[in-house]
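All chains should be built: construct the whole structure from the sequences, respecting the hints.
2 protein chains.
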Amino acid sequence: MAERLTESQIDEALSSLNATLAADEQWQRDGDKITKTFTFKSFIRAFGWMSQIAIWAEKLKHHPEWFNVYNRVEVALTTHDVDGLSELDFSLAEKMEKFR
Amino acid sequence: MAERLTESQIDEALSSLNATLAADEQWQRDGDKITKTFTFKSFIRAFGWMSQIAIWAEKLKHHPEWFNVYNRVEVALTTHDVDGLSELDFSLAEKMEKFR
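Keeping their order, the protein sequence lines are chains A and B. Last residue of the first sequence? That's 100 in UniProt numbering, and every number before it is there in order. Last residue of the second sequence? That's 100 in UniProt numbering, and every number before it is there in order.
If you are wondering where the hints come from, they were derived from the structure by calculation, not from laboratory data. Here the structure is a predicted model, which means the values were calculated and not measured. From the three backbone atoms N, C-alpha and C, an ideal C-beta is built for every residue, glycine too.
Which residues of chain B face chain A? A few of them, derived with a C-beta cut under 10 Å, are: (1) S42; (2) F43; (3) F47; (4) S51.
Calculated cross-link-like contacts (lysine-lysine; reagent style DSS-like; alpha-carbon spacing at most 25 Å): (5) A/K59 with B/K41; (6) A/K61 with B/K41; (7) B/K59 with A/K41.
Right under this line is the structure:
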């Protein structure tokens, strides 16, 4: 069962997630969510990435909110069960970075 | 090249698209878009359907705007090239119904 992260845990997890990312590639905190817009070279690449992440989401039993139009995917991650952010959000975000 | 449909063409195409759909399954007109929310039994089914539609979208060279969270997919179709609706939107909507 996921546990709600504290503010300091969120700060730490977000810093860690963003540590190796360029300034314009950073995840943002938006209340109970972390968000990022991913841009790819084509729809095929965008949806191919989504397909990889979809399988990981199902494995993690944790699913994204995501909006896609052509080569762009806007992602928001949150954990409804805890009304906030949990480690699952950061695990899924790490997978999204790994496979992008 | 897609052509912008006239109001009466849109009315006709939308009626045809909705003809066999139950009242709570109808596509809606929203300005230059047609929209519908699809609900599935699970994330696997929702994303499986999206994967089929993604391939059709690429074949049609016409891509949806879509938002997914878990078993729900909110779709908006429009043709940016014509600043309105074209036959491509209705072709893609028909595919979405066929494969749902």
